[in-house]
Every structure is written in C-alpha cells, then in structure tokens.
Amino acid sequence: MTRDWWKHLILILGVIVVIAPFYMMVSYSFKSPGEIDRGEGGFFGRQELMIDPRCVALRDPSRDDIAAAADRFPGQSERQIRDALMAEAEVECSMHPVVFNYSKAFTEAPLLRYLLNGVIVTVSIFLLQVVVALPAAYALAKLKFWGREAVFGLVLFCLLIPVHAIALPLYILLAKLGLTNTYAALVVPWTISAFGTFLMRQFFMTVPDDLIDAARMDGMGEFAIVWRVMLPTAIPALLAFAIFSIVAHWNDYFWPRIVVTGNRDLFTPPLGLREFKGDGDGSFFGPMMATATVIVTPLIVAFLIAQKRFIEGITLSGMK
Amino acid sequence: MAVIDTTPPGITNNTQAQECRAAWSLTAPALVLMVAILLLPVMVALVLSFTNYSLGNDGFDWIGTKNYDRLFSRSTYEKMFIATFTYVVTVVPISVGLGLGAALLINSLGRFREIYKTIYFLPVMATLLAMAIAWEFMLHPSIGMINQTLEMGCGTVIEAIWPFMATGCADGFPVWLGDKRYAIWVVCFIGIWQGFGFNMVLYLAGLTGVHRELYHAAEMDGAKSAWERFRLVTWPALGPTTVFVVTISCIRAFQVFDTIEAFWPQGGGPNKSTYVMMFAIFEKGVQQNLIGIGSAITVLFLIFVMFLTLIQRWLVERKVHY
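If you read the protein sequences in the order shown, they are chains A and B.
Numbered according to the UniProt record's numbering, the first sequence terminates at residue 320, and the numbering increases by one at each position without gaps.
Numbered according to the UniProt record's numbering, the second sequence terminates at residue 322, and the numbering increases by one at each position without gaps.
If you are wondering where the hints come from, they were derived from the structure by calculation, not from laboratory data.
There's no promise every hint is true.
Listed below are the simulated DSSO-like cross-link pairs for lysine-lysine, each with C-alpha atoms no more than 27 Å apart in a straight line [stated by the list, open to error]:
1) B:79 - B:66
2) B:66 - A:176
3) B:117 - A:7
4) B:180 - A:277
5) B:79 - B:224
6) B:180 - A:308
7) A:308 - A:7
8) B:224 - A:7
Per label pair, the in silico range of CB-to-CB distance [what the hints assert, rightly or not]:
9) A:42 - B:35: 56 to 62 Å
10) A:51 - B:267: 17 to 23 Å
11) A:39 - B:59: 26 to 32 Å
Where a beta carbon is used, it is the ideal one built from N, C-alpha and C, also for glycine.
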C-alpha cells in the first residue's frame, strides 16, 4: 500500500474526473433553482421548503373561490380573504426541492411513458434478434447444406456494416413504406444482428453433436431442436448478448432521433430528455437533471448488482 | 454422422435433402433480413449518391459524381472531414493509451482493484445523451463547476505559473462550448471520458492471459526495469487486444453524434468546428432532405469503416504480434 501510493493518487484523480458529471447530475437533481444558480448547498442542497410559482399561479383565487370561502373567514373583506387564500396556496405549493424536481420530471413530460417505450423497444429488439439469429446460428454451426459457406460469408460481410452508418438509406426505405413514427421503425432495423448470429454460431460449434443426434433419435425435428435443446444450452451466451443488446438500445439516441419526429407517444428516454432540454428555461435545471438521473439509473443499478455479467456482455464484441 | 453412415444410400439422400431444406428454412429469416436491412440500404445509398433525389419527389435525375465533387470542394465538407478526423485521431490514441495505463496500474494493485474498475466503467454504461447534458452544465461559463473550480485558482501561485489561468482570471474563463478554439477538444474530451473504461476492461482481460513465467524469463535475460519488462513481454502479448481495441475505438469514434447534437442542435458547433460526418448525414439527409449528398457522405463513411475492419481482420489473421 505505501509503495503503491502514487498509483492510487493517479487512479483517484481519474476517479474524480470520471465521477464529476454523475455527482453534478445527481446533486442538481436535489437542489433548488436558487442553489443551482449560486452554486451553493453542497451535495444535497439545504432542502429548505421552496414555493413552486407555477403551482401558486394555478391556484390564483377567482371571484367565485373568494365568495365560496367567505364563510370560512367571517367578517373579513374580499381582499383579506384573497390574501388568506393565497397564503394557503403558498403553503400547499411549498415543497422540498428534491420533491419538486422529481415530481416535475414526471409531470412536465410523460416520463413514465418514455421509460415504458424504452422497455418495449429494447425488449422487442432483443427477442426478435434471438428469434432470427438462433435458428440461423444453429443451421450454420450444425447442419450440412449446400450454400452454407456462402451464407456464413454473408454474415461475416454484414459484420462490417454498422447500422448507424446506413441510417439514411434505411430511413428512406422506412419512409417509403410509411413506417416512420411507429414502433416498427424503432425496432425493425435492429432485428437482424449479424454479430449475434456470428456469436451464437461460434457458441454452438462447441456443443457436442451427440446431444443433437440424441434429440433426433427421440424424433425431434430441427425446429424443436433449436428451441428445446440448443436454446437451454445457450443461456449463458444469450444472457451476455442480452446485456450487450439492451445497453446499446436503451442508450441509443441517433436512430430514434431520425425515425421519430414529434410524436411524443413514441419517444424513448433519451429523446424525452432531449425534448425536455429543448424547451427548458433556466429554472428547469433541477427537473431536467432529475429526468437524466431517472434515465441513467436503471442500467447503472443493474450494472452495480451484476458487474461481472455486464462487463462480460458489453465487451462481448472483444471475444471474437 | 454415425446414424447416417449405417443407413442405406437412398435414405441418406433423403435425410440429406431434408436437412438441407430444414437448414434453409432456419436461415431464411436471417438471410432475408440481412439482405433487406443491411445489403439493400448499402446499395440504395450507393445508387442515390449519384442522384439529386429528395423524399416526396416522384423521380430523380442522374447527376453523375456531382455530389462527390461537392464533398471534396466545398469548405463546409472540408470542415466536416477536419472535424471527424481530428476527433478520431485524438480520441482513439488517448482513450486506448489511458485504457492501457489504467489497466496496467489496476492490475499491479493488490487492493481496491474492483472499485476502480467499476467506477471507470460507469461512463460506458450511462446514457451518453444524458451525460452530455450533465457535461454541458459542468461547462456552463458562469455557473458551471469547471469554471467555478478554475476561479478558485485565481490569486494563487497557479496564476503566476500557468498563462492560461492568468488570462482566464483577467478576462474571464472560456465559454467552452461556444468557442471555436475549444469546442472540438471538449467533445474529444467527453469521447475519451466515455470510452476509455471500455478499453481498460478489454486490456484487463488481455492481461490475465500474459503468463507469469514470461516475466521471470525476461528478468533472467536482463530485463531489469519495469519499462523493459513492459516492452519485451506485456506489449507484444497484448498485440491482439490492441488491434481489436484500436479498431473498435476507431469505429465508435467515427460514429460520434450524441454529444454534438446535444450541444449544438443547429449547425455543428461554432464555425462548424464540430461538424462530424454522422451529424452531416443527419442534417443534410434527414433534416434538409438532400438525400443525394447525404448518401454520398454515407458511402464515404462506409468505406472508412469497412476499410478499418478489413485491416483489423487482416492483422488478426496474420496473428501479428508487434
């Protein structure tokens, strides 16, 4: 330890730089606008009660409200009643900054809807990738057929094409089919994963032939073999691939940005955050950082719980 | 296959034909999708890059290589190439170097290895767009954490020995994202910040494959210093990892988009200094509906990326240990 102090010094400096934006993001999501502007309040802010001006403005009492409240304040003038009602509104509209920020994050924009969309899109992409890639991988690894080399060659060639790079022609094709601004547009381009096919094929190569022969002796067809014999053996590899796929598509911003325009019902979490930023005025830093925290948290928490699996999954492409 | 060998020839043919049919029906969905989603768009981009097509028009005119001529003559596209290559050439070596450095340091530690590894990997997991917005606040000229930290250095010795601090304290610190001298470097910094943890993890995996005996052997041969041991044993053993890490970092760097779009939704930064290729494709092709020019950029982009991957495959196949 003493001999290694300089190593720790360097690594800790690195840690500070790496952590800084996370620290700031979470810290701003706790603070009131005033504290953010003045840069005060440490990490959690002072959490003094603050008054939400919009909430008070919404409760500005009308004549009817004042008339209705007249019997609660007997013998007072209209002006006094009005002031009393305003004071009540201010009490009810005051809250801790952290509550304000997070409640605004969920009420100013349909954040729950965005999160749900994120889940729908990432999960459907992953499931479709498996449905498409697994049978092909099995055939390429274990069946002898005319044209196998050509198909495998095609898979290897497709590994060279990053889907983001061909976004423009894909967008044109989807637009021609009238599919922009649909879930299909978000999901379909990712259904074929050349990488997933390649990876599963490499994995199936290591599965002993005896297992498949035994299944055939039992009278199983090839389709049944894929789903009832090969799928269970492939669970560890699939889990790693799931992490790889889900992380990539939860965080993806480029593709949703291209095919979803304006229709908030289809926004994925990054698009939602982007829109929040677009129409945010100065006082909305807190709620915006709360939104960012909400979007980043699920993956980070999952990562902290299952680090080994995540690192394995994300660096999967390194295991070729 | 033992089962087939013992069966009469007629049945063998039958089984083979069956297997062939099954194999084709199993690969058919993947095959169709590969052609429709990956190959067809490449062809479409190639064809459209020679036209003046726009979405909504019925037809288009062939305009030969005009789109490409424009790419290589207009100053906007010159800026695009400069920004893209500046980004790639900066981010790749530094993020690979930092990844290797961090891996070596962490690997030599007895304690706290996992903590460092976890923390350095966090940016890889986090949604880049969200982190870009967090960085934007950090870099805010007046209330951002970076300039506030720098201001604390005013009036101390740092001001005397570092000219940057002296000018900053006198005339105000930079408006990082609005200044064409800094914008691209800030984006590079965030790219490095985001990517080096990924490289570190790959290098850590590579380091577990280096045999202990090799170090002993090198020491016997007179490699006394740590640097000699690194040069003679570690670096050559990490050769395959390095090839892979460099390629994947390049491909990822070419695709930079999220940070740029988050910081400068219109126009690619101050004086177009951060107008990278992905942003250009998005702006020209999708927003301005200039499909021809967007396709031409796409084609160039694909050529760069495929070329890089082919170099990597060629190096791996030759098992180069430099």
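Of all the hints numbered above, which does this structure not satisfy? Sort the numbers upward. Hints 5, 6, 10, 11 contradicted; others consistent.
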